[in-house]
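Engineer: In case you want the letters, here they are:
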Amino acid sequence: MNNPDFVRQASSFNASRRSGASLWQALHIDPPLLIGVCLLGAFGLFVLNSATGGDQAVIRRQGIVMVVGLIVMCAVAQFNVHFFRRWAPPIYGAGIALLILVLFIGAEVNGAKSWIDLPGLPRFQPSEIMKFVVPVLLAWYLASRPLPPKFKHLFWSAVMIVIPAGLIVLQNDTGTAIMVFMSGVFVVLLAGIRWRIVFAGLFVGLLGSPAWYLFLAQAHQKNRILTFLDPYRDPTGAGYNIIQSQIAIGSGGIYGKGYGNGAQSHLDFIPESHTDFILAVLAEEFGLLGVLFLIGLYLFVLLRGFAIAYAARDLFGRLLAGSITLTFFLYVFINMAMVSGLVPVIGLPLPLISRGGTSIVTLFIGFGLLMSIQTHDRQKFP
Amino acid sequence: MTGKWQLKDHEAEKQLFTRRLAVAAVIVALLFSALIVKLFDLQVVQYEYFSARSDGNRLHSQYVPPARGLIFDSQGELLADNQPIFNLTIVKEQVEDLDSTLAFLATLIRLSDDDIAQFQNRLNRNRVPFSSVTLRYLLSEEEKARVAVNSHQLAGVAIESQFVRSYPLGSLTAHSVGYVSEINRAEMNALTDAQKENYGGTYHMGKSGVERTYEALLHGTVGYEIVEKNNRGQIMRRLDRTDPVAGKNLTLHLNAKLQMAAEQALGDFRGAVVAIEPATGGILAMVSKPGFDPNLFVTGISNKDYSVLVNDVVNTPLFDRSTNPYPPGSTVKPFIGLAGLQSGTIDYEFTIQDPGYFRLPGVSYRWGDYTLRTAIGGGHGETDLQKAIYQSCDTFFYDLGHRLGIDSIHGFLSQFGFGDNFALDVGYARTGVLPSRDWKRESRGEPWYPGDTINSSIGQGYMWATPLQLATATAILANRGAVVQPRMLKAVDGVPFEPLNNDPKPEIFADDADYWRYIHEAMTMVVHRPFSDEFRDYGTAYESIAMQDRAMPYLMAGKSGTAQVVGISQEILSSEDIIVSDLNKDHGLFVSFAPAMHPEIDPKISVAVFVENGEHGSSVAGPIAKQVIDTYLLEILRLDFGAADLEAAGAIVTQLDE
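Chain order of the listed sequences is A and B. Quick note: to get the numbering used here, add 250 to the position in the first sequence (first position is 1). Quick note: to get the numbering used here, add 330 to the position in the second sequence (first position is 1).
Simulated from the structure, these hints should not be mistaken for lab results. Each residue gets a CB set at the ideal place from its N, CA and C atoms; glycine is no exception. Please note: incorrect hints may appear among the correct ones.
What the hints assert, rightly or not - Label pairs and their calculated CB-CB ranges:
| # | chain 1 | residue 1 | chain 2 | residue 2 | range |
| --- | --- | --- | --- | --- | --- |
| 1 | A | 468 | B | 364 | 21 to 29 Å |
| 2 | B | 475 | A | 354 | 43 to 51 Å |
| 3 | A | 368 | B | 341 | 43 to 51 Å |
| 4 | A | 476 | B | 634 | 46 to 54 Å |
| 5 | A | 466 | B | 433 | 36 to 44 Å |
| 6 | B | 546 | A | 484 | 40 to 48 Å |
| 7 | A | 476 | B | 573 | 42 to 50 Å |
| 8 | B | 364 | A | 466 | 23 to 31 Å |
| 9 | A | 325 | B | 476 | 33 to 41 Å |
Unchecked claim - Sample of chain A residues with no beta-carbon within 12 Å of chain B, all distances over it, derived:
| # | residue |
| --- | --- |
| 10 | 279 |
| 11 | 325 |
| 12 | 330 |
| 13 | 358 |
| 14 | 398 |
| 15 | 408 |
| 16 | 416 |
| 17 | 443 |
| 18 | 445 |
| 19 | 459 |
| 20 | 475 |
| 21 | 479 |
The following block holds chain B by itself, in its conformation from the complex (with noise of 0.2 Å):
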């Protein structure tokens, strides 16, 4: 206690605290000394990197994908649109706990295992950090509110609305058009750097038909802007834009109204339509039944839809059947006479005793006649070849094609694209096989032996073609000799468009002109050559094609083909729900033109149908080309042909021979 009551000293005191408040004072200055130089280092000596960080916190440098060019038919009726749809996007370097995100955004919208699925493919590409990657595309508008309302817990989830393509005709271009999707890894991958900046914020490139022939055209050209963006990277403010260049809007040849037709005349088979404008070559229809819906590609297709897509191992509805090659069959016909004429091997007058069967010199094994297989005997009698081509006599042709010999055959079929593409940008199509002596040797290391050109001679055997290429050499024989090389575009942002060719086809010259008349009389008999006294005397399509249409206004070209199914692989016997019976009935074709042997009115179609299954080319394949001709030179054409020709021409058909 004695220290309490001690005295006190005030002034010492005093001075003892002015020195403790003085050194605080120092202490005080001090501190905001540091505080100060601390700030200096911030704000002057750093401040180039700071404000460089804070602008590169803001500002974003992103790409404005171009729109993708249109594509019309030729009548201006779009086949690929865009349209707008919203996605759901995530930015991975944002997002603070992706799976339990992804967990909480499942409460909210539809997402199947498969989104995630994709959507980690998506993240798992080349892809810029702090780019948004799609995790659901076509929210719907509920879906879209419930995110909103849920933003805030949602930190790197954004809605972004993106065009995508849309295939209003559905199936129906599904082959021809194409479709986009997604970009790949390995097509990521393949493109070189200037063309990876230009994909910059796309997500799609064509994937087939003239999607992928004209990608370059159609993609454009990638914009750019500078987006200043808060934390939760919402754009706020957008400061500087290149605009991107829209890609080309694109004309086909294609019309969508023939299309249509093409695809109903088919009805209920497997098969597909070609049709070629003959003065050019333009496609006009190209359909491979069934088809599929291409919209569902775009957006990424579910492995459901897809597995059931590829498991159709009957119906193969991703299989291309217009550009894929079967066996030609009796189509081949006309131009192995014609080879027939030009060759000199035979002439007008030339006539064949046909037995029914054919056989080659000190050869036992008779080649028998297909066309007669359920005929009560007997062959076709004296036959020229007109009459070959219009009663489709094999014998005619084993013997023709016997005298010609494979390597005269292939020099003349191969004028007319058979074995080759013609296509000018159609790249995808196959070139089927045209049979030579060094292609046997070369695929099958086996010398080419004469029964393989009897086989030939008919189109069996080795030989193939594609819709496609039937319908072009069908142009070409309709143009006289004139070689057209299909295509598809007809117009790129509505001027004319002529595709680069870089292997121009020669004209084909026949030493008479006159052989193509007489061809084209022969196809034309094939079709309006009606019922007679004489024993078989009528074209093999009449009674399917012109007997049912008596008042028809215009004669139609044509030649039928069947051909036999070449082997069906165990996979689709061993599938249960099939009736293998069906699937080994023959493939139908006919190839045709129209109008046929008019005065004045140029052929202004040609067409070439095959039917998968459907067991005749005259009785099936034929009506569906009368079909397809009747809409296009009909309804779309409206032509006048005028009954004065056509009576002529038709006399000249029904006259009889002798």
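The shape of chain A in the complex, shown without the other chains (with noise of 0.2 Å):
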């Protein structure tokens, strides 16, 4: 199943910093990686400094939340993904009856009844999980099969992404929905369905889309494409967020106002500008270098994300790391673009710069996991 070939392609991708590597690979830490997600991380905690007007408390509790994450996706390294590949059923099964179970006794937080609750533990979302749950179980379950997946493969992990994106909207956390959704679909993208599968099912989505905002859609989410579409109909209620977050962008220019001198945050023109709009916060202050330079960071991680699934050894490890970057990606992109107004407001942080927690977390896991992907000898597999 594994040929040496193989081995031998996917290690000359290493094989320029071949003498330091090895010090690395046995640490299981990727360092272009960490290199990466460690600038964003300090250029978040700087961003974050002067939106929050240099609170200390939430900047030091940010950083532990780093610091955490860090040590959460050194932990996750250094598992063999096969590890996962073995126990993917099990972990999916009890990650559905963890949202099961949320259902029935989870916590409210921010009208989303996904968080767990349990005296003595530490409070958590069983959904966050299952960005990485879904793609390890796709991704066992289509790399075992032959490629392009059969249309009765494709059924069986429609069912596999449904269920638990079913369970999270039931969870009213569609956001998140979508997110663990996409992590599946990506996988079956990446896995090689047909381009006319896909085209096919494009067109359905357009074709049912606006039978969904007739039909299906809710008041709250029709009015933020309403909104999207026109923020001035309400420029003091729904579309108060958007305006004011371009006139933040959009007011920062080419180099922005300097740090600590953005008008429209530091004034709380900007709202939830500690999170999901802290893009407007930096653009404000840096401008649009400033956001070239974000752009840069991610794109920095993205490719390394790339390169390790390119350089992946086996199929399993390629579709898994090949979801998880493009699942960071579409985090990046959602929360930038709904802050620019490209896209319609849907309530995303914007990856390791806006204030989280479990959030924050979760995005090291997937980290880890790349790490684990990429460091994890060769040989040593059977």
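These two chains come separately, so use the hints to put the complex back together.
Structural biologist: Rendered as structure tokens:
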């Protein structure tokens, strides 16, 4: 199943820095990814410091979350990714069970009943973990089947994606449901699903969206779409966030107003300036150059993710790495696009920059998996 | 199951994956490009627009209202001050739900329906969008604290400090100094654009009295500042400022101490006292009683308080008695007498034999002598002008008036300001009526009858004069013809001020300057001529003034008047809790100046007293005038009159004619 040729090929990717690689390899750390992630986190703390007006309590907490995330990342990286492959079905089953459990005993935060809050344990969201559980399961399922996947396999894949996504929708957390759904879809896309099926799906989705809008969409969802199309239909209400955020971004110009000088954010015109809308703070204070710098950092991490996916030793690793990388990209893109008014507002944070807790640790789990895929020695595996 | 065991082509699968990964990378690149295009559009293409929007968000140009000029009395006592108060204001545009915000506020502070109604009124006026509108004035410390604690739930609500007018003497200056209150819609619409600009940030303007007359001086010039506000409208920084120019401080001729003395002298009576400095025309005191608390109007008088003031139809506290006309009665006699001398109609030797009534030739109607109504028949006997004045002989003046004719009377008296407003800065004062043939034809459409002249010559009939006019005419008399025009304002920012006079009045010349002495003597006799063996040969006010104070260090010239109540409105008559007989009582008047007949000291004060339903001029209004003059000459000016001079002058007054 795993031929030596491939091993040599993959190893040659790292040939240029073979001498230093062995230590990192032993530690199961991927230096480029680590550097990229650390730069992003540091830049995030820097921006957050301005966004919160130098609220040291928030900064310290965010720093602690970052450190915890790094530790979790390293810990995850110690597991050979095939451990997860082997245990994929039980892990998935447990995840689904937790999602069902949440529906009954879940704690509600910000309108989403998605938290498990057991005494003695840190509060966490099972739905967050599903962003990895679903691609792990699908990678496990599709990697052992001939590619491109046959229709039957696609059907079961769809079932595996829709069950958790549906449960998360029931928790009233559409944003996470979309991400979980897409994390699975990315595996299927990378597994070589035929384009005609993809286009057929897009076509059906396109045709179905008016029906969705007319019959299924909830009032607040319709409102978000209308606001996206014309923020000025309710400039002080629904459109306020996006208008103020565009003003902040636009007024930043090329060079920005300077660190700590963002009038829009410091005078509280930008709502959620610590969390979902932190890009507006960054864009106002650092201008287009600052945003390009951030995009550059993200691109660096993404490219490393692509490289890991490309060089992965087996199909499972490839699919999983590709899906994690693309999910990360989707996060980045949706947030940046919604804050700048390119897509409707969907409540997602800007990865590693926005203030957060579980969501940040979850990201680090993803990086840990990427590192695991990259660093676990191929030879050890049978 | 066959598919599962189908042989996998790893190389092909890897190539497939790699192709898909490449496609994904391309899509990622495309999406990032789209994002960068969007950001470029916002940050480069539309930079100017958003930059302006950002500044518009945070930068607000706002007015800095000038401090209103203070008003002082002639001694430097504050009559109108500015006091800081705290108001609850609302920016309507920043409030999400006005009704629920108001309901919530009502749980925090005292908020009456009246407050809300007035607030709605203010909202409906012309106003700049996003400007704050006052909901409640005068927050207490506790209310301020409650609002502050809940400020996070009160977007658009703020506590603003403001300087507002305060009148330390309260009702004492309500009519003369007047008051400011909120600019109403009509007043706002009457302003020119430049004036509107100058009233930006100012909510009050003078509504009556000096406050209104000198609004332009008191208001000052508006300033501006550019402030940075956060999204709750709180001011974070002040960036630029053009200071306002404060209004001018005004010093009035008014003397608070004299004003107070006049108010006290009136006692429980309704009425008015006007005191003028004959040398300048400066109004030393101008009291209308009852007054009202002008401070109530400053922050918006409540409907309840206002209806109390308006519905008091008997006391009519809002009605300024000092500048509204009444029949002057016998107080005009010295002027008519002077007219007789000046026209040559009579001389010092001229006498009549008074039977107690007057009849026009060929007319059977008898004009009775009002002053003798209660006496036991008979007239004043042989009467010359002086006697006619100090005994207030109506018959003499009927006769004199008939001889003079209305044209002469009108021509002569108009020089003293009757029928005209001589005041330079009391524009709101009424002119009263100095009747003439033209006047009657125009206003009544009737010709002038000889009987009208008879009534006019004792200050009845069509003749009406305000206490201010009487005080002015008396001052001119005291000045021996030097016309002075009454004025409130003495100095502006400490610099003596001469009010604009578009229509200066000429001095009054008598053919013989001795006429003035003669009239002064007659009026001094009114007060000082004592009882003698001669029947009724004493001044009408002797008993109530000079006899009460035998140690008077100065002589006072005066003339009493009693005016019939001309008609009481049905509204008052039908009201239940009023003793109508009291309202039918005559009005008492007294005009006076002092010191009189002093060889060295010119008259320092002229006073007109009007006592509504006071019944008698001499016994009721006279002592009030005396008290005011005493206060001015003895307590404020502290004049030393010299005993010898007083005795000499007194001898003239008391000597018997024959």
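Engineer: Now look at each hint and say whether the structure bears it out.
Structural biologist: The hints, checked one at a time:
1. A:468 / B:364: 21 to 29 Å: holds (28 Å)
2. B:475 / A:354: 43 to 51 Å: holds (46 Å)
3. A:368 / B:341: 43 to 51 Å: Given a distance of about 49 Å, which is inside 43 to 51 Å, the answer is holds.
4. A:476 / B:634: 46 to 54 Å: holds (50 Å)
5. A:466 / B:433: 36 to 44 Å: holds (38 Å)
6. B:546 / A:484: 40 to 48 Å: holds (46 Å)
7. A:476 / B:573: 42 to 50 Å: For residue 573 (chain B) against residue 476 (chain A), whose Cβ atoms are near 48 Å apart, the range 42 to 50 Å holds.
8. B:364 / A:466: 23 to 31 Å: holds (28 Å)
9. A:325 / B:476: 33 to 41 Å: Violated - the Cβ-Cβ distance for residue 325 (chain A) and residue 476 (chain B), about 53 Å, lies outside 33 to 41 Å.
10. 279: holds (23 Å)
11. 325: Since the minimum Cβ distance to chain B is about 28 Å, residue 325 (chain A) lies beyond 12 Å and the statement holds.
12. 330: At roughly 20 Å from the nearest Cβ of chain B, residue 330 (chain A) sits farther out than 12 Å, so the non-interface label holds.
13. 358: Residue 358 (chain A) is indeed farther than 12 Å from all Cβ atoms of chain B, at 23 Å.
14. 398: Given that some Cβ of chain B is not farther than 12 Å from that of residue 398 (chain A), nearest at about 7 Å, it is violated.
15. 408: holds (17 Å)
16. 416: Given a closest Cβ separation of 26 Å, the condition holds.
17. 443: violated (9 Å)
18. 445: Residue 445 (chain A) is in fact no farther than 12 Å from some Cβ atom of chain B, at 9 Å.
19. 459: Check passes; 19 Å lies beyond 12 Å.
20. 475: holds (18 Å)
21. 479: holds (15 Å)
The structure shown violates the earlier hints numbered 9, 14, 17 and 18.
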